[in-house]
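Chains A and B supply the protein sequences, listed in that same order.
FYI, the numbering for the first sequence is 1 to 356, going by the numbering used here.
FYI, the numbering for the second sequence is 1001 to 1314, going by the numbering used here.
For the record, the hints were derived by calculation from the structure and aren't laboratory data.
Among these hints, one or two may not hold up.
Heads up, simulated DSSO-like pairs for lysine-lysine below, C-alpha to C-alpha not over 27 Å straight-line [to be verified]:
#1 A/Lys-47 <-> B/Lys-1172
#2 B/Lys-1010 <-> B/Lys-1203
#3 A/Lys-47 <-> B/Lys-1276
#4 B/Lys-1284 <-> A/Lys-47
#5 B/Lys-1282 <-> A/Lys-47
Computed, partial: chain A to chain B, Cβ under 7 Å [as the list claims (entries may be wrong)]:
#6 Ala-10
#7 Pro-34
#8 Thr-36
#9 Thr-42
#10 Lys-47
#11 Gln-58
#12 Ser-61
#13 Thr-302
#14 Glu-304
Covered stretches of chain B (in silico footprint by chain A; criterion: 3 or more residues with CB under 8 Å from a CB of chain A, positions within the stretch not fixed) [what the hints assert, rightly or not]:
#15 1159-1170
#16 1271-1283
This structure is a prediction, so every number in the text was calculated from the model and none was measured.
Backbone N, C-alpha and C fix where the C-beta goes; we use that ideal spot for every residue, glycine too.
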Amino acid sequence: MKENTTIEPALFCGNEAIGEAAIQAGCRAYFGYPITPQNELTAYMAKRMGEEGRVFIQSESELAAISMVFGAAAAGERAMTSSSSPGVSLKQEGISYLAGCELPAVIVNMSRGGPGLGNIGPAQADYYQSTRGGGHGDYRTPVLAGASVQELADLTFLAFDIADRYRTPTLILGDGILGQMMEPAVITHPEPTELPAKDWTLTGSRGRPPRSIKSLYLGPGELEAHNRKLQEVYRTISETEVRWESLMTEDASLVLVAYGITARICREVVFRLRKEGLPVGLLRPITLWPFPDKAIRELSRTAEKFLSVEMNFGQMVDDVRLAVNGNCPVEFFGHGGGEILTGAEIMEAARGHLPR
Amino acid sequence: MALNLKELSKKPELLSPGHRACAGCGSVIAIRQALMAVEGPVVVGFATGCMEVSTTIYPYTSWRIPYIHDAFENAAATISGVETAFRSLKKQGKIKGDMKFIAFGGDGGTYDIGLQSLSGALERGHDFLYICYNNGAYMNTGIQRSSATPFCAATTTSPAGEVVPGKAQFPKDLTAIVAAHHVPYAAQASPHNWRDYIGKVKKALAIEGPTFINVIASCFRGWRTEPTTSIDIVKMAVETCFWPLYEVENGEYKLNYKPKEKLPIEEWIKVQGRFKHLLDEKYKPLREEFQANVDQEWAALLEKTGDQVQKVAV
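All chains should be built: construct the whole structure from the sequences, respecting the hints.
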């Protein structure tokens, strides 16, 4: 079996890059179900997991796929599933159970236009669902949002590590463009990080005391105590796993906030407006939860305005407002319906919001 | 109306031209033929799939009749709701006359993710016909295997390579699963035998209670065949006894067609690109296994039908 394989720069679509990175990260079991625009990932795993002597199963539904992940994770293996928006909605019960049972898993959402069947174009309309704990109960899941094929691969390695470190389901959030566009990427396993021993797995209790993994707590105060423990983990994640990238924000009057493919377009917008001498910068959250609120709060002391740019009708803007906490105005620009924002329209919006 | 081509050709088509299905699509043929059997008001419910997407690209629709779609796994549940509302309105005297309800789903939306919903509707006993247009894979999303995909067929999620010869499993017998719900009528059909198929739809619609037809529908993209052979290829599926035409009426099995000379399954395999790898000499045992399975299923069916061919009576 090939672990830590180095691969020369090669063309991957985002979906395939995640698949290859997952295999190198030691994903032993992948469970998929057809839905556009993430089918390349399932097809890649169908071919590659077999070659590696690992498990690939196409399930009979998204519900089954996430439950298979639950089973594999409880047995201690690195497990992954992927889907797109409507399919991820179906997985929410399973994600809630994974969170309640403290089981590590990686869930990929190559999101598309919604609500309902929507369309198969790119969208960022699942921000709320991803960052608030999309299923029932009081939980959060780390959400990693890449902006390039390379970064999707890099974040896949990180997702498995975060999942194992904190025993939590971890989301990779992309969109139809990131999943299907092709870019050169070098997919190599980063230096392995030290992870806590998996001393909780259900692998047969011969020679050791039996263990249990559950989310059912019926005794008075038991569930509260369990939930407090989960909240403690979420607090630690919020303190240690925040990631973001900033571009020319030091002297920016207007700070754009954007993630994923939208951030990529905003980067170009910043370069162009800077050429015109306009003081614009970009803050790109890489983790959507935990959100880089401290970085944004810090910037709100020098910036005059924030503009949240999203492929939806305004979701992340809520988190920007919470971070800014009234220090300066926070505006929104975007639209959603499975269509990508253009640089020209973002430029126009940014110009309109620049302090005169 | 008599069941002959002259009369059928006079009937207005309920699915209008201009939809975006592929030229040579076997599923469209299966749906148009089913609709030819309809007399009077009908409501169609659809599961997500090729035929749903290609016939209803917003803001257009090819449907000249009331049509409802909501998700992938629930066509039978959605039509249950519509049919229940109709019964309620009728009971209240707010609506008069009779109405038929047909739910369509592909094999992915019926054999796999929609099976629970279908089972629920059959057990509750709604007055509807469910037609599964079975092209043997998730063709809408790019040819992924389903539990209806034939043994050894290559799909993007059951790829044929040097070690693995495509899909490892035989398809589940959905028609038998439906029959096990003790519904008044369940049948298998093929569009090449339009008289048999349309007759079955007529019969099913005339029956009160849940009825089911599993119709084989070729997909030249997924089967890797020529679009001009869409009808020939399903005919061959019947002639090889891979897809027998039969019906189960109140628990009684009737065979509707018996090939004069049962063709070897290899005849069907060799004209489809999805089985190309199987023609390799090293896979001869798999071809034999495929044939043995067809023979076994065919024999089991003849056991149930009593080996008598009975034409569909309408």
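Evaluation of the provided hints:
{"no.": "1", "hint": "A/Lys-47 <-> B/Lys-1172", "verdict": "holds, 24 Å"}
{"no.": "2", "hint": "B/Lys-1010 <-> B/Lys-1203", "verdict": "holds, 21 Å"}
{"no.": "3", "hint": "A/Lys-47 <-> B/Lys-1276", "verdict": "holds, 18 Å"}
{"no.": "4", "hint": "B/Lys-1284 <-> A/Lys-47", "verdict": "holds, 23 Å"}
{"no.": "5", "hint": "B/Lys-1282 <-> A/Lys-47", "verdict": "holds, 21 Å"}
{"no.": "6", "hint": "Ala-10", "verdict": "violated, 19 Å"}
{"no.": "7", "hint": "Pro-34", "verdict": "holds, 4 Å"}
{"no.": "8", "hint": "Thr-36", "verdict": "holds, 5 Å"}
{"no.": "9", "hint": "Thr-42", "verdict": "holds, 6 Å"}
{"no.": "10", "hint": "Lys-47", "verdict": "holds, 5 Å"}
{"no.": "11", "hint": "Gln-58", "verdict": "holds, 5 Å"}
{"no.": "12", "hint": "Ser-61", "verdict": "holds, 4 Å"}
{"no.": "13", "hint": "Thr-302", "verdict": "violated, 46 Å"}
{"no.": "14", "hint": "Glu-304", "verdict": "violated, 42 Å"}
{"no.": "15", "hint": "1159-1170", "verdict": "holds (count 4)"}
{"no.": "16", "hint": "1271-1283", "verdict": "violated (count 0)"}
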